[in-house]
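Chemist: Below, each chain spelled out in residue letters.
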Amino acid sequence: MYRRYRMPNIWREMDQLQREMSRLMGQPLEKASFSPLSYPAINIWTGDEGMIVSAELPGLKVDDIDLDITADKLVITGERAPDNVDEGARYHRQERSHGKFSRSIQLPFMIDPAKAKAVFKNGILEINLVRAEADKPKKIAVKAG
Amino acid sequence: MTKKEQKDLQVTEQEMIEKEDLERTRERQCFVPKTDIYETEDGIVILTDIPGVDKDSLDITLDKNVLSINAYNSSSENKEYTIAYSEYVPGDYHRKFRLTGEIDFNRIEAVVMDGVLELRLPKADEAKTKKIPIKAG
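Protein chains in written order, with our numbering: chain A, 1 to 145; chain B, 1 to 137.
There could be a bad hint or two in this list.
Below, a list of computed lysine-lysine pairs in the DSBU-like style, where the Cα atoms sit at most 30 Å apart [unchecked claim]:
(1) K96/B - K61/A
(2) K73/A - K121/A
(3) K139/A - K73/A
(4) K115/A - K138/A
(5) K115/A - K139/A
(6) K136/A - K73/A
(7) K117/A - K73/A
(8) K55/B - K121/A
(9) K100/A - K55/B
(10) K123/B - K96/B
(11) K117/A - K136/A
(12) K115/A - K100/A
(13) K61/A - K117/A
(14) K61/A - K115/A
(15) K117/A - K55/B
(16) K121/A - K96/B
(17) K61/A - K55/B
(18) K135/B - K123/B
In short, the hints are calculated from the structure, not lab data. This one's a predicted model, so the numbers in the text were calculated from it and none came from an experiment.
Input sequences plus hints: build the corresponding full structure.
Modeler: Encoded structure:
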């Protein structure tokens, strides 16, 4: 019984140590923890008022991207069209890819879909989501007795 | 190239620049941008993915026959919120290409749009196939 409770703590400590190490080595902590699951790779910032989701989508046009935002879910779908290449072009190198993508993100809290804003600039999509009024953390005033 | 139509987009690891001839003085990480190069009758086209970089933070230099692209990502990390989850790191991009002498260095054009840099390198007139007229003797 003693062991059973002790083991998870060791792992937690190991994980903590690994995070600490990667931070010291200058490696981004996130990179050590997660790897992208599907296209596009995303970053999420959160706060009391809402959250920002950003994605790198180079080569897409605003019209190529579809956003479906509900109170607790965000779905980004789109398609990167192949480049208009002149007839008879010979590729020396081809590292960029095209195709369809769809990514659905479960949001950590309820948002107000009507207040969502999205900006697409220089190939970076940034979605600003506002936390639903009812879902916001409430401050409880403490009265002197 | 044939399978590109139906393939879904995948996330690929961004290659980091391990060692450079010069050390960087910027804190950001530097990546090797994904690049397509193709040749047409008129010249060579280089397409490079540099998301987050605008026209003003892009340096393209041609030194002798080495074309280098330096792109500085200006997207700020200091948002009003704190990072909760991260799959990519906004970084700078750097890549060098050695050009052959067949390029007309004075007519190179560069356009950046939606995170993609397009460089058009026209072939020098001498490099285009010439027809040699044959005179009857």
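Chemist: Against each hint, give a clear statement of whether it holds in the structure.
Modeler: So, going through the hints one by one against the coordinates:
With a C-alpha separation of about 27 Å, the suggested pair K96/B and K61/A falls inside the 30 Å cut-off, and the hint holds. Annotation: proposed proximity of K73/A to K121/A holds, straight-line Cα distance about 23 Å (limit 30 Å). Annotation: proposed proximity of K139/A to K73/A holds, straight-line Cα distance about 26 Å (limit 30 Å). Between K115/A and K138/A the CA atoms are separated by roughly 20 Å; this keeps the pair inside 30 Å, and the hint holds.
For the given pair, K115/A sits about 23 Å from K139/A by alpha-carbon distance, which is consistent with the 30 Å threshold. Under the criterion of a C-alpha separation no larger than 30 Å, the hint pairing K136/A with K73/A is consistent with the structure, at around 17 Å. Taking the CA atoms of K117/A and K73/A, the gap is about 15 Å. The hint holds against a cut of 30 Å. Distance check on the hinted pair: K55/B and K121/A sit about 12 Å apart at the alpha-carbon level, within 30 Å; holds.
With a C-alpha separation of about 27 Å, the suggested pair K100/A and K55/B falls inside the 30 Å cut-off, and the hint holds. This hinted pair checks out: K123/B and K96/B have alpha carbons roughly 19 Å apart, not beyond 30 Å. The straight-line distance between the Cα atoms of K117/A and K136/A is roughly 19 Å, inside the 30 Å bound, and the hint therefore holds. A threshold of 30 Å between alpha carbons decides the hint, and for K115/A with K100/A the separation of about 27 Å falls inside it, so the pair holds.
Restraint check: the Cα-Cα separation between K61/A and K117/A comes to about 17 Å, which is no more than 30 Å; the hinted pair holds. In summary, the hint linking K61/A to K115/A is supported, as the alpha carbons are separated by about 23 Å, within the 30 Å threshold. At most 30 Å may separate the alpha-carbon atoms for a hinted pair to count; K117/A and K55/B meet this at roughly 24 Å. Using a Cα cut-off of 30 Å, the hinted pair K121/A and K96/B holds, with the two alpha carbons roughly 25 Å apart.
Restraint check: the Cα-Cα separation between K61/A and K55/B comes to about 17 Å, which is no more than 30 Å; the hinted pair holds. Taking the CA atoms of K135/B and K123/B, the gap is about 28 Å. The hint holds against a cut of 30 Å.
Of the hints listed earlier, there is not a single one the structure fails to meet.
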